[in-house]
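Protein chains in written order, with my numbering: chain G, 1 to 289; chain W, 1 to 406; chain F, 1 to 333.
Errors might be hidden in some of the hints.
Said to hold, decoys possible - Computed cross-link-like contacts, DSSO-like style, restricted to lysine-lysine with a CA-CA straight-line distance of at most 27 Å: (1) W/K276 x G/K118; (2) W/K143 x F/K133; (3) F/K284 x G/K118; (4) W/K42 x F/K284.
As the list claims (entries may be wrong) - Only some residues are given here: those of chain F computed to face chain G with a beta carbon under 8 Å: (5) R8; (6) L110; (7) L117; (8) I124; (9) S125; (10) Q128; (11) I252; (12) V255; (13) L259; (14) A285; (15) V293; (16) L295; (17) L296; (18) F300.
Calculated from the structure, these hints are not laboratory results.
Virtual Cβ for every residue (Gly too), placed ideally from N, Cα, C.
Here are the chains, one letter per residue:
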Amino acid sequence: MEAFLHQVFSGLANGAIYASLALALVMIYQSTHHINFAQGEMAMFSTYLAWAMINAGVPYWAAFGLTVVASFFIGMIIERVIVRRVADAPVLTLVVVFIALLVILNSITGWIFSYTIKVFPSPFPEQPLFGPYISSHEAGVVGITLFVLLLLFLFFRFTSLGLAMRATAENAVSSRLSGIRVGWMLALGWGLAAAIGAIAGMMVAPIVYLDPNMMSGILLYGIAAALMGGIDNPFGAVVGGLIVGVLENLMGAYVVGTELKLTVALLVIIGVLIFKPTGLFGRSFVTRV
Amino acid sequence: MLSKRVFRAIAVAAIVSGMIAGCGEQQQQKSADPGVTDTEIKIGNTNPYSGPASAYGTIGRASAAYFKMINEQGGINGRTINFVTLDDGYSPPKTVEQIRKLVEEEQVFFLAGTLGTPTNTAIHKYVNAKQVPHIFVNTGAAKWADPENFPWTMGFNLSYLNEAKIYAQYLLKNKPDAKIAILYQNDDYGKDYVHGLKLGLGDKADSMIVAEVSYEVTDPTIDSQIVSLQASGADTFFNVTTPKFAAQAIRKVYDIGWRPLHILNNVSSSVGSVLKPAGLEKSLDIITAVYLMDPIDPQWADTQAVKDYKAWIEKYFPDGNIADVFNVNGYVIAYGVAEIVRRCGDDLTRANVMKQMASIKDFEVPMMLPGVKWNTSASDFSLIESAQLARFDGAEWKLFGEIVGN
Amino acid sequence: MHGMHANRMRWMLVAIVVIAACLLPFVLSSYRVFQFNLVLVYAIVLLGLNILTGFNGQISLGHGAFYAIGAYVAAVLMDQWGVPYWATIPAAGIVCFVAGFLFGLPALRLHGHYLALATFALGISMPQILKYKGLEEWTGGVQGIVILKPHAPFGLNISQDQWLYLFTLIVALLMFWLAWNLLRGRIGRAMVAIRDHPIAAEAMGINVAAVKTLTFGVSALYAGVGGALGAIVVQFVAPDSFVALVSISFLIGIVIGGLASISGVIYGALFIQFVPNIADEISKAAPWAVYGVFLLAFVFLAPKGVAGFVQILWGKLLNSRTRDTKRSATVQS
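So that you can see chain G by itself, here it is in the shape it has in the complex (with noise of 0.2 Å):
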């Protein structure tokens, strides 16, 4: 029965981390209707960041803010200058753009940091508060994104920013004949979902530890799970995060081995969306013809 909290405690931190990631990528995906293949990479580049600064000496949270607002403006140049250039290409040529972006900054980060592995600090508390099962940090990895997910709502539901950056996506035509400013929009949602990301693998690093390669296996469970909780959703992305991350324990500890863990966990994300394929908690959609 230990054992079994346990993994379920440990999926649970593990899951808070997919939905970390996870509400970035909603982020982009609410404002452009695109997932950010880099996503996982720019939030990597953005820790890196972080820690030089924190070993140059700057205090913590001195770094972090500054890594927030570095990323910010990292995106929305991203924006302006890279993916502007494909806007009117058909879509699998912005994936293809966003897979550069991926290998680019992965071996720009291990060229000049190198490829072992770098501890990254941790704001919250070394000894566990809340039982053996979850570290400190790992519960203040829930909270962040329980955090971050209250704010994202907020934004998209109750404010007219937020409002315009969901139009901008869903019809920038329209959007752009209401006084929508359509570039600044999308710009403003990189920027945004750069910022996230920043926060996420400051949040996961000191978990897994810093290194280029951070990012890749979380990337593949945050899309997952954002796509199965519902991409147009944040709660559904960290539903579908903490779903991802209890699941795939399970599955490896007591069903399958970890021998097939990965098989079968993307075999029920899959299953999943042959049933609701617009996620669990995601709307579906009528077309009108």
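Starting from the structure of chain G, add chains W and F where the hints point.
Chains W and F alone, transformed into the frame defined by chain G:
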């Protein structure tokens, strides 16, 4: 009108064929020793410089930096070493392509330090058919020591199999009723260690090993696996993970309050890249088999070997991480290559290269554990067969016992 | 007339390319022949992927899985049952057709990003499945399977590399011809109709489900044939040969080459084969970054793929050569 078009088409065809033919190379000059001139020796290598395994690319860069030093010091017997290293992204089809390029187009003298088990397996038959020395193969698989079937191939590392047997002997002698839990990476490296441990334990393997759990390199954490292993009630933990996961495992084992006899595989025994990030206090009493010197381990700091190594890395490989033992791996391989070339003297033929490789007797190499010597013969193609167990005391790997193996 | 001239020019170009391709193994070194052999293999796979994604609009980020299945079918048949190499090709094709069709059935419910995820999941799981203990007896597990290279038949006096290349070329020509016929015909038009307007297509009486699953099957068949050929050319299969990156490379291939373009797959195959090598030569420190820059460059300069770019050039060329005031011929590839 039509004939003009046809004429133009033929002209285009001619130009295109000409261009393709231009790409084509002349038939290779048949010479007794390709890759050797009066001033230069060309050596070929593949390493993963791109893709998910790029962390190992530093090994190739370290070797290249070592040769840079050799060349600046005058080369070997008046010849400089031209180290041609190509990226294979750890993809076997790419390795085949790059090795064919090295052998057929670059015409290297021999291949050294090619990395990875599946990648080397893909070219194993080819290089032996072409009779190109394929030495210092940089993986711990045991199959590179097969002089009867593959007389041109020789490995470098202490094989994972033999290393695991050393652990098995230790357990049988000191903790015969151990309950062993194993965490291993789900690939040839991980499976080789597990296989070796089982071979070493012999009949007792089934009774001693109570849990065996794997992970993929795409897994973000291995926390779930550690929890499972603890739940199995084991009191001994065989940790077969690569550096990042080793650090995670060491920390998690400590954090959940499990205190098994912790055996860590050599690949991840670096103080700087693994134990420090995991936490030195959390790494107390871990056991590993040592055969390379860890450059930041304080007990070796005053040795000539480490001093030379530090000077080398500062001057010739400033981008290299001093704490990364992978760089030592590249350095030692390059040292070995240089030595073999030196031993060939003026008889620079591929056959002589293999002859020299097969006649190494009690050779001591800098940055290797003192007492671990290289030994080969016509029937023994294992370069390194011994190691010594060490226990981490919070600051350094304290050697104990004696050198085991051949 | 203008259209007929353009057509004839196009066919002559095709003939020239085919002739050049046949002559290639006799003028280039063995190593280069090996490389171009791989280009042909990739072209077959990309053709299959383009049929599915470019012409039928179903995105697949997991075609590496079908490529792997085809490769392993060939390897296992040759290694365990001594099947001759040429017979493994249709076997791989059939097995993959069935696999693709079966995958296509549940995939009917998924669209866009969701289908992308499902196919990506397939591509990512394949190495794990191939490593699985339970299948080790056939797949060789992590160690993989080594395959012997075939010799030229009928005692022809050509090298193994040359023969293998010509064999691949023959298969490739056949596959291209089949694809061209398929896409020109009724089913091809149905595919494109489904891509552009699935609801209208259904309303017009097209059996969308049947066409989509069949397309998946055909696409997988192509990937499987490519995989089998690839295995024979490389003479080795292992789980590490079929990682997720392979599927991504195929996607890159069809996008760079040109979606919904048959000639595009050649450009795409050339790109994914040679550009990584070029990137490696440019930088040892960060070759992947250089590769990424190449991707961006190609995408910026030719957002509709190299085939689209060539089409524009071709149009300009034709335009400038005639004094016709008729609209420029847009060559359908």
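Hints and how they fare:
Pair hint W/K276 plus G/K118 holds up; C-alpha atoms about 9 Å apart against a cutoff of 27 Å. In summary, the hint linking W/K143 to F/K133 is supported, as the alpha carbons are separated by about 20 Å, within the 27 Å threshold. Pair hint F/K284 plus G/K118 holds up; C-alpha atoms about 23 Å apart against a cutoff of 27 Å. A threshold of 27 Å between alpha carbons decides the hint, and for W/K42 with F/K284 the separation of about 18 Å falls inside it, so the pair holds.
Interface restraint check for F/R8: the shortest CB-CB distance to chain G comes to about 31 Å, outside 8 Å, so the restraint is violated. A least Cβ separation of about 6 Å between F/L110 and chain G falls short of the 8 Å threshold, and the interface hint therefore holds. Satisfaction of the interface hint for F/L117 is found here, the shortest Cβ-Cβ separation to chain G being roughly 5 Å, below the 8 Å cut-off. Hint status for F/I124 relative to chain G: holds, with the closest Cβ pair at about 6 Å, below 8 Å.
Satisfaction of the interface hint for F/S125 is found here, the shortest Cβ-Cβ separation to chain G being roughly 4 Å, below the 8 Å cut-off. A hinted interface residue such as F/Q128 counts as satisfied when its beta carbon comes closer than 8 Å to some beta carbon of chain G; here the least separation is about 5 Å, so the hint holds. At its closest, the beta carbon of F/I252 sits 6 Å from a beta carbon of chain G; the interface hint therefore holds under the 8 Å criterion. The beta carbon of F/V255 is positioned within 8 Å of a beta carbon in chain G (closest approach about 5 Å), and the interface hint is therefore held.
For F/L259, the interface hint holds, since its Cβ comes within 8 Å of a Cβ in chain G; the closest pair sits about 6 Å apart. Taken as an interface hint, F/A285 checks out: its beta carbon lies about 5 Å from the nearest beta carbon of chain G, inside 8 Å. Taking 8 Å as the C-beta contact cut-off toward chain G, the hint placing F/V293 at the interface holds, the least distance being around 7 Å. This hint holds: F/L295 has a C-beta 4 Å from the nearest C-beta of chain G, less than the 8 Å allowed.
Of the supplied interface hints, the one on F/L296 holds, with its beta-carbon coming within about 5 Å of a beta-carbon of chain G, less than 8 Å. Nearest Cβ of chain G to the Cβ of F/F300: about 6 Å, under the 8 Å cut. The hint holds.
Taken one by one, the earlier hints fail for this structure only at number 5.
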